[in-house]
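Undergrad: Below, each chain spelled out in residue letters.
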Amino acid sequence: MKILLNGEAFATDAKTLDELCAWLGFAEAKVATAVNGSFVSAPSRGTTKLAEADEIEIVAPRQGG
Amino acid sequence: MLTLYGKSFASRLLLGTAQYPSPSSLKQAIEAAGAEIVTVSLRRESSRARTGQGFWALIEQMGCHVLPNTAGCRTAKEAIATAKMARELFGTNWVKLEVIANDDTLQPDLFGLVEAAAALSGEGFEVLPYTTEDLSAAERLVAAGCAVLMPWAAPIGSARGLINKEALKTLRAYFPDIPLIVDAGLGAPSHAAEVMEMGYDGVLLNTAVAKAGDPVKMAAAFAKAIAAGRLAFEAGLIEPRDMAQPSTPVAGTPFFKIDQAS
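Chains A and B, in that order, are what the protein sequence lines are.
Per this note's numbering, the very first residue in the first sequence carries number 1; after that it's consecutive.
Per this note's numbering, the very first residue in the second sequence carries number 1001; after that it's consecutive.
No lab work stands behind these hints: they were computed from the structure.
Here a beta-carbon is modelled for each residue, glycine too, at the ideal position from N, C-alpha and C.
Warning: the hint list may mix true and false statements.
[Said to hold, decoys possible] Just some of the chain A residues that point at chain B, by a computed CB distance under 8 angstroms:
# : residue
1 : Lys2
2 : Ala32
3 : Gly37
4 : Ile58
5 : Val59
Using the sequences and the accompanying hints, generate a full structural model.
TA: Rendered as structure tokens:
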């Protein structure tokens, strides 16, 4: 399945957002997620199924003004 | 004390965490500023670089109150989703709400800002909106639930100081009970002192400190200017006047004759 991960084309077999995060090594990381422009909370990642062409954002804390 | 959404702070300087030459200069600048509130953001995390994880460890170590921003968001929808991600990540209901209208001026999109502020306030967020000096937008933001307003002085990073001082004075007069923080556009400690002398409650800075020749020294300079400006406001400034008024007593002036008086 092809998705857009943080703005770039990405191929994955992950069925849920939780699986994708784990595959990327973010299982224990301080990250937050959104799918197709809407926030997905950490507890909801396991039940959030991924579909072809989904747009996934995975963000972390960064310097800001 | 500066009180924002029920939390009180001794420092009236809010400091941004971006653009410092190194993590250690950021840490020292926060200390030199005496800042208790620092702004942070969210950015895409790479599974290889994991940049955000190290940054977060540094911020946690500082023990500051964190104010996440929605910098770079162009629509209310983007800002709302970003605020929700920030709330989960940083464990705070506070959000420095930015909805940007224009890349050259980084001017807030006031329509999107009011829309996002209303939606987020309704979901329990405590919104600190980055806005312009526009009075009608400020009124809409307060009606939307904002209990703090953060008007710009000049475009972000421009270092121009207060380009519309009269409008900022008007905001202060219209909102005596709403904490007002000038956010963006200051370049020199004298600008910050001027803001505080007008009775503003605080100043949010980033570029003027981070890009200074010596950010740590500049952080200290701004802290002193902000404290001095606040003290001056509390002391009560005298009114400017057109003509001179002697400070030395006129009565008893040597050689004074009545026909010299006019």
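Undergrad: Check each numbered hint against the structure and report the violated ones by number, ascending.
TA: 1
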